[in-house]
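*Asks:* Produce the entire structure from the sequences given, and follow the hints as far as they go.
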Amino acid sequence: MSDLNNRLSPAAGTDAALREIKPEILERMLEQMMTIRAFEEKAEELYALGKVHGTMHLSIGQEATAVGASNALRETDYLLNHHRGHGHLIAWGSDVNKMMAEFLGKETGYCRGRGGSMHIADVSKNNLGANGIVAGGLPLAVGVGLSIKMRKTDQVVMVIFGDGATNEGAFHESLNMASIWDLPVVYLLENNQYAMSMSVKRAFKIERLSDRACAYGIPGVTVDGNDPIAVYQAVSEAAERARRREGPTLVESVTYRWRGHSKSDRQAYRTREEVKEWMARDPIPTFGARLGKSEEEMARLRAEAVKRIEEAVAFAEASPEPDVSTIEDGVYA
Amino acid sequence: MREITYAEAVREALRQAMEADDRVFLIGEDVGVYGGAFGVSAGLVDQFGTERIIDTPISEAGIAGAITGAAMTGMRPVGEIQFMDFVTLSMEQLVLQAAKIRYMFGGKATVPFVLRMPGGAGTGAAAQHSESLESWFVHVPGLKVVAPSTPYDAKGLLLAAIQDDNPVIFVEHKLLYKQKGPVPEEMYTIPLGQSNVVRQGQHLTVVATSVMVSRALEAGKQLAEEGIELEVIDPRTLKPMDCGPIVESVKKTGRLLVVHEAVRTGGFGGEIVASVAESEAFDYLEAPIRRLAARDIPVPYNKKLEAAMIPQIEDIVAEARRLVKGEY
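Those protein sequences? They're chains A and B, same order as listed.
Our numbering numbers the first residue of the first sequence as 1163 and each following residue consecutively.
Our numbering numbers the first residue of the second sequence as 844 and each following residue consecutively.
If you're looking for bench data, these hints aren't it; they were derived computationally from the structure.
Hints are not guaranteed to be accurate.
What the hints assert, rightly or not - So the derived list for chain A, only partly shown, Cβ under 7 Å to chain B, looks like this: (1) L1302; (2) S1309; (3) A1461.
Ideal Cβ placement from N, Cα and C applies to all residues, glycine included.
*Replies:* Structure, rendered in structure tokens:
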């Protein structure tokens, strides 16, 4: 962690940057971080209780990246995200009731119980889906960017992917195509330092993953992914550049996954000390303190978030399962 | 009616679709000034410009992703994969993204694209430029698969595919590009999922796809001189397949021969055979069902070997004669 500061792009997430953000956005980001944490902890609990049919990928510890990035975009923009995607959707403003219902495989879920945790898609809000294939969303972003350019709107598309995806061939094809055509794409590399068990230290010969941007002739920045202001600032600049039709940007947001990759993970590839060190940098209290929140205010916000999630669970549990007679719905249009 | 080539028919469909609908565009390798590796898109860039006739880097996964992402956000793209073999590099985007997005998202997203690609051997291009991989796509729920065998079908099916709201794999054939046939000048569509009985006869039903349709018709002509009348059926759309006319035909002839260029094992022919065997036509069969397909080998370079791998007119004649005469 100590080497992180050396990798960061200068001046990201300063107090000056914070003062430029509207207070209601700062408040929303803190609330959303609380909601994400509460959603993920509840998801883990439901799983432990045997109420979840599939698997899940928890983003506890990565909340700042999700809220910093999503709040930097407009409602009309597009989002493609990845399998560890609950946080992205909450930050995007999606309905936790429908998310929880999808997680529990219910008809009232975003995908009518067909997608589950890994494929939640809030299409009505221009979220084109969480993706279960590492780097699967990257080529799609080229098409969305192309479509925006051809329809001549001022939208942008943000595609969120991990350090693992950065070593897929699709990363190269996507960044190259978006850069040669100056497409309005924001590439958000959510570096949580592990591709399942493979550490970035073993999977890359470079330290700053955003250095890869230079191969495509586009800007690359690395920010502290546990600081929502730094992420917000970097994604805002990338989105503005995209809206000016100057092309894509690669934003690397360095954060840390507190939990295992999924529920089968015994975490033999990292030390408890390392995990503890990052847990001590919990982005939520850090951001609360930065906003001048008292202990009481933080406790109140936390309680509200937990209540929202309890309500979501109640909604999901009361919802019907999909009817088997509808099993073939939606294969074809 | 005027006659144009299969390649010209595809081009005319593209031109008319793009004139009629601003959301349609063409994207692929060398489709612009070069005109496509087989000249299919020649001249289109002059009419529509580089914004709608888009040359890509050699990035097949990128092409598949580009049409999928654009289709999800309001466009109706047509992609081109230069040789069907290269679609292997696009498979993740096609199979795991394009085909599944609608279902995975609870029916709330639509992916209306066409991905064109020339398959087939016979040009001496050897093992990596001659594949017939259509059955891979038939196996994937969410995709439609079309394989036109004539210029008329190529135009009508391509226009229908572009109007379809699903991802459509459009399999052209290199040997057919220069074949001429009657094609109306106006726009018309041939509905996807409709078989075509291209020759009527009472002795043997031959189901043939793509380039094998014209070979089956030529075999039918030769056998007619011996008094053997083939009924030749072209499914045209492999998925969804219209099995009804095939079943009806087998009930009439009592015999079925399936002919395709792809290798036999796991080929589309097995699906036709199974569908007939499961149908009421089973009780009408007077002979074993047979398949004529490519041998289970990579496509060889040598001209004699290449021809020996793939069903030719004389192979169809001989196999049909055996089935009708009971010499199996």
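*Asks:* Against this structure, judge whether each hint is valid.
*Replies:* Evaluated hints:
1. Given hint, A/L1302 at the interface with chain B, holds; its Cβ is 4 Å from that chain's nearest Cβ, closer than 7 Å.
2. Interface hint status for A/S1309: upheld, as the beta-carbon distance to the closest one in chain B is roughly 4 Å, under 7 Å.
3. Taking 7 Å as the C-beta contact cut-off toward chain B, the hint placing A/A1461 at the interface is violated, the least distance being around 37 Å.
Checked against the numbered hints given earlier, this structure breaks only hint 3.
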